[in-house]
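Visitor: Letter by letter, the chains look like this.
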Amino acid sequence: MRKVIKKSLTKKALPKPAGALGSLALSANQRRFLHVVENGTDLDEPSVLAGRP
Amino acid sequence: MPRERTYLRYQLYRSEARKKAAFATLQMQSTSSADMSKVRFEPIDAQALAAFEAWHDSVFSWDEVVRWKAREPLSFDIAIWFEQELCGLCFANPNNSRQRVRIVRLEGRPAKAHPLRNRIAALALIAIDEFARIIGSRLIEVQEPMPGAIPIYQQLGFAFDLQGRLVLAVENQVS
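If you read the protein sequences in the order shown, they are chains A and B. For the first sequence, our numbering begins at 1 and goes up steadily by one. For the second sequence, our numbering begins at 1001 and goes up steadily by one.
These aren't lab readings, by the way, just hints derived from the structure by calculation. Backbone N, C-alpha and C define an ideal beta-carbon position, used for all residues, glycine too. Mixed in with the good hints, there may be bad ones.
Stated by the list, open to error - Incomplete in silico selection of chain B near chain A, CB under 10 angstroms: (1) Leu1008; (2) Ser1037; (3) Leu1049; (4) Glu1053; (5) Arg1105; (6) Gly1108; (7) Pro1110; (8) Arg1117; (9) Ile1140; (10) Gln1143; (11) Met1146; (12) Gly1148; (13) Ile1152; (14) Leu1156; (15) Asn1172.
So that you can see chain A by itself, here it is in the shape it has in the complex (with noise of 0.2 angstroms):
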């Protein structure tokens, strides 16, 4: 008799990380950050931007 293995239905899969670096793409939020890479804040950032000292 053949033993039927059975997958668990809970069990989550996580989407693969693409692989090649060359098929990139950039969303709208990332865009939005290199513009401000470029140019720099409009304000002056201070040097702790989160969590608790």
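Using the hints, position chain B against chain A.
Guide: Chain B in isolation, oriented as in the chain A frame:
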């Protein structure tokens, strides 16, 4: 799933996100006068912690992030370098459902002038956004934003949700 396998899988995602962030900033080189070819996105490793020792007036002890990394196998850490100069450090962690990536700590070099001044939040977010997209998160949240930094996050697209959390939706549509 065994913890070690999860850690290794996420190691791949972390590496992929840092590489893509570097590639994105490099691509910008063709349209920008700023020399972003010298920007590097690396993990917070022994070299980063050694460079961090030279930071004066830092408010955090980044050494403890090494312990956090061991405890949180899904976490994402970034050391932002300009050539051999460490300019920023970041630690982010997805919640249990992975729907939300929280920026736990983000700090730029506390010096009046460094090559990436006023660009640390934007650079870190390029990598965090990429990581969030890879693991399928829906939101990026700044866990404890410094009040002085909130307008910068808003410039980068963040807004307060109904629960008063500073969040940004992760977009899966790309162009």
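Visitor: Can you give the numbers of the hints that this structure goes against, from lowest to highest?
Guide: Result: hints 1, 2, 3, 4 break, sorted rising.
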